[in-house]
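Go by the hints and put chain B onto chain A.
2 protein chains.
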Amino acid sequence: MSAAPLFRRIAFIGIGLIGSSLARVVRRDGLAESTVTCARSESTRNAALRLGLVDEATDDPVAAVKGADLVMLCTPVGAYRALVEAIVPHLEPGAIVSDIGSVKQKVVDELAPLLPARVSFVPGHPVAGTEHSGPEAGFAELFVGRWCILTPPPGTSPEAVDRVRALWLKCGMAVDIMDAGHHDRVLAITSHLPHLIAYTIVGTASDLEDDLRQEVIKYSASGFRDFTRIAASDPVMWRDIFLGNREAVLETLQRFTEDLTALQRAIRWGDGDKLIEHFTRTRAIRRSIIDAKQA
Amino acid sequence: MSAAPLFRRIAFIGIGLIGSSLARVVRRDGLAESTVTCARSESTRNAALRLGLVDEATDDPVAAVKGADLVMLCTPVGAYRALVEAIVPHLEPGAIVSDIGSVKQKVVDELAPLLPARVSFVPGHPVAGTEHSGPEAGFAELFVGRWCILTPPPGTSPEAVDRVRALWLKCGMAVDIMDAGHHDRVLAITSHLPHLIAYTIVGTASDLEDDLRQEVIKYSASGFRDFTRIAASDPVMWRDIFLGNREAVLETLQRFTEDLTALQRAIRWGDGDKLIEHFTRTRAIRRSIIDAKQA
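Chains A and B are the protein sequences, given in the same order.
Numbering that gives the first Met the number 0 applies: residue 0 is where the first sequence begins, and numbers increase by one.
Numbering that gives the first Met the number 0 applies: residue 0 is where the second sequence begins, and numbers increase by one.
There could be a bad hint or two in this list.
Copies of the same chain look alike in the list, so a pair counts if it works inside one copy or between any two.
Result set (SDA-like, lysine to any residue): computed pairs, CA atoms no more than 25 Å apart in a straight line [what the hints assert, rightly or not]:
{"#": "1", "residue 1": "292", "residue 2": "131"}
{"#": "2", "residue 1": "292", "residue 2": "138"}
{"#": "3", "residue 1": "217", "residue 2": "174"}
{"#": "4", "residue 1": "169", "residue 2": "291"}
{"#": "5", "residue 1": "273", "residue 2": "254"}
{"#": "6", "residue 1": "65", "residue 2": "29"}
{"#": "7", "residue 1": "292", "residue 2": "129"}
{"#": "8", "residue 1": "273", "residue 2": "246"}
{"#": "9", "residue 1": "169", "residue 2": "26"}
{"#": "10", "residue 1": "217", "residue 2": "131"}
{"#": "11", "residue 1": "217", "residue 2": "130"}
{"#": "12", "residue 1": "273", "residue 2": "256"}
{"#": "13", "residue 1": "217", "residue 2": "233"}
{"#": "14", "residue 1": "273", "residue 2": "253"}
{"#": "15", "residue 1": "217", "residue 2": "283"}
{"#": "16", "residue 1": "169", "residue 2": "51"}
{"#": "17", "residue 1": "292", "residue 2": "130"}
{"#": "18", "residue 1": "292", "residue 2": "228"}
{"#": "19", "residue 1": "217", "residue 2": "129"}
No lab work stands behind these hints, which were simulated from the structure alone.
All values derive from a computational prediction rather than experimental measurement.
For reference, chain A alone in the conformation it holds in the complex:
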């Protein structure tokens, strides 16, 4: 490879499913001269080194960002603020701070005021994932064919945005730029509400009497198991997402509840035509997703 790496040194702060998948692409394509991760737990650090995901591992975020021209926050979003407060004095001039969190407005509101003018802030969200967690769960192909959304605050250096964009393009993603608040409204319906609903219904099932619960597991192939997959995602990450995008989630949930009440009424009153009309409409949406190659 004659081309220079995209980055001199990338610091992955946290290295779970997304961070470790990105680290695998960076290693595979030689996108950084060196890499380091900061992780609180020793077993995570050991796994990251054993799997060869990074060159170095530390539990000290200050040590991790030393010499890094890209600091990628890959922890649950609730941990960002304390981390950034700790690393700010030690960020290299010209460094880029980016992230992979599923909530963006809160991240911009919290972090932008903390970051000095000598660094660039390019918040991001690679819209990809599985229900698995941790550095072992990652894989380089996770991002292929999916979208990454960047939400740089007004005034962010275009060069910094371009470098982060180039990184996600190398992962096989298409990259969109949008306003952080708009991102949160879109993700509230595509991701946050579906997860909330799945967490709810699986909880409802787990509260059933013992014998019925055993049967629910046995016959889960009839629809339920798809919800349990979604409801197996990382609890801390999802707590932070729901609390971090509270307003949009609650508003979307309100719409959902109204629609559910309408279907409930149709069932109670035996209004078959209304059910058919609704189910035919939702089938068309599935068709659109297949056409958009996101199925």
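Just chain B, lined up with the frame of chain A:
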């Protein structure tokens, strides 16, 4: 093959996803000396013949059941009653009437009084499926490793139950016998509620303003697309299921709504501990399903 076929002649009344998958197994394993399907639409009959799923196809249910020792109802459950009223005088002595519907108590209540003593009634539900419909969508492996539930009314001939069980065992299913009402309670939570929720949330998304709806499709990989898959199932079939299992669906929905309200409150009031507790519990259910090999 020296063993005699399980059945002399099987009549498939309706031949969609499930019926055509069963017909494929019957053909593959030589489980009947001859087969016939009754389907209203000419294109379905032509497809069934073109695909070699059955020996004969007719639009006349009376002609279809002539000479059949197994009449398998494979239409949406709402069509059963009129069909059975039409075929009853023409059923062979000793014939078995069975079905594949996702609702059982209503089917037993409606059909058992119509059926004469000279035939056996063995209602069934192979708990398997995909979001696709029609004879082209079926495949013989659909049932492998899944459960089939039979709900014979008290007094049903054990020999008839054994013959229907043998058929589903040949499909690779495990077979359970249970009370029809219990079946409906279990399926309300494992299948009917998940489908209702999926239909609702996809409807909520389809009501969004145009630009937002386009983005929902674009970023559907973040959770939403799993719901759209479920919400693409056959509208008529699902109308009949919700209306046919109304009581259990509404009761389960009530529990779900209470649980959703509790999570909504936790988000509104920022109760992160409650969210973590809930999400950790649902993760354990996923583990049970993986352990039960139904993931």
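Tested hints:
Within a single copy, residue 292 and residue 131 get their C-alpha atoms as close as 23 Å, and across copies as close as 17 Å, so both meet the 25 Å cut-off. In this homomeric assembly, residue 292 and residue 138 come within 25 Å of each other (Cα to Cα) both inside a single copy, at 21 Å, and across copies, at 24 Å. Taking CA atoms no more than 25 Å apart as the test, residue 217 paired with residue 174 passes between copies only; the shortest distance there is 12 Å, against 41 Å inside one copy. For the homomeric pair residue 169 and residue 291, the shortest alpha-carbon distance inside one copy (21 Å) is at most 25 Å, but the shortest distance between copies (39 Å) is not.
In this assembly of identical chains, the alpha carbons of residue 273 and residue 254 lie at most 25 Å apart whether taken from the same copy (18 Å) or from different copies (23 Å). Taking the shortest Cα distances, residue 65 and residue 29 sit within 25 Å of each other inside one copy (20 Å), while across copies they are farther apart (71 Å). For the homomeric pair residue 292 and residue 129, the shortest alpha-carbon distances inside one copy (18 Å) and between copies (19 Å) are both at most 25 Å. Proximity of residue 273 and residue 246 under a CA criterion of 25 Å is satisfied inter-copy only: 18 Å between copies versus 31 Å inside one chain copy.
Within a single copy, residue 169 and residue 26 get their C-alpha atoms as close as 12 Å, which meets the 25 Å cut-off; across copies the closest is 49 Å, which misses it. Taking the closest pair of Cα atoms, residue 217 and residue 131 come within 25 Å of each other both inside a single copy (22 Å) and across two copies (23 Å). Within a single copy, residue 217 and residue 130 get their C-alpha atoms as close as 21 Å, and across copies as close as 20 Å, so both meet the 25 Å cut-off. When the C-alpha separation of residue 273 and residue 256 is checked against a cutoff of 25 Å, the pair qualifies both within a copy, at 17 Å, and between copies, at 21 Å.
Taking identical chains as interchangeable, the C-alpha atoms of residue 217 and residue 233 lie at most 25 Å apart whether they share a chain (24 Å) or sit on different chains (24 Å). Within a single copy, residue 273 and residue 253 get their C-alpha atoms as close as 21 Å, and across copies as close as 20 Å, so both meet the 25 Å cut-off. For the homomeric pair residue 217 and residue 283, the shortest alpha-carbon distance between copies (15 Å) is at most 25 Å, but the shortest distance inside one copy (31 Å) is not. For the homomeric pair residue 169 and residue 51, the shortest alpha-carbon distance inside one copy (19 Å) is at most 25 Å, but the shortest distance between copies (48 Å) is not.
Both within a single protomer and between protomers do residue 292 and residue 130 lie at most 25 Å apart by alpha-carbon distance, with minima of 21 Å and 17 Å respectively. For the homomeric pair residue 292 and residue 228, the shortest alpha-carbon distances inside one copy (22 Å) and between copies (13 Å) are both at most 25 Å. In this assembly of identical chains, residue 217 and residue 129 lie within 25 Å of each other by CA distance both inside one copy and across copies; the values are 23 Å within and 18 Å between.
Consistency with the previously given hints is maintained throughout, with no hint failing.
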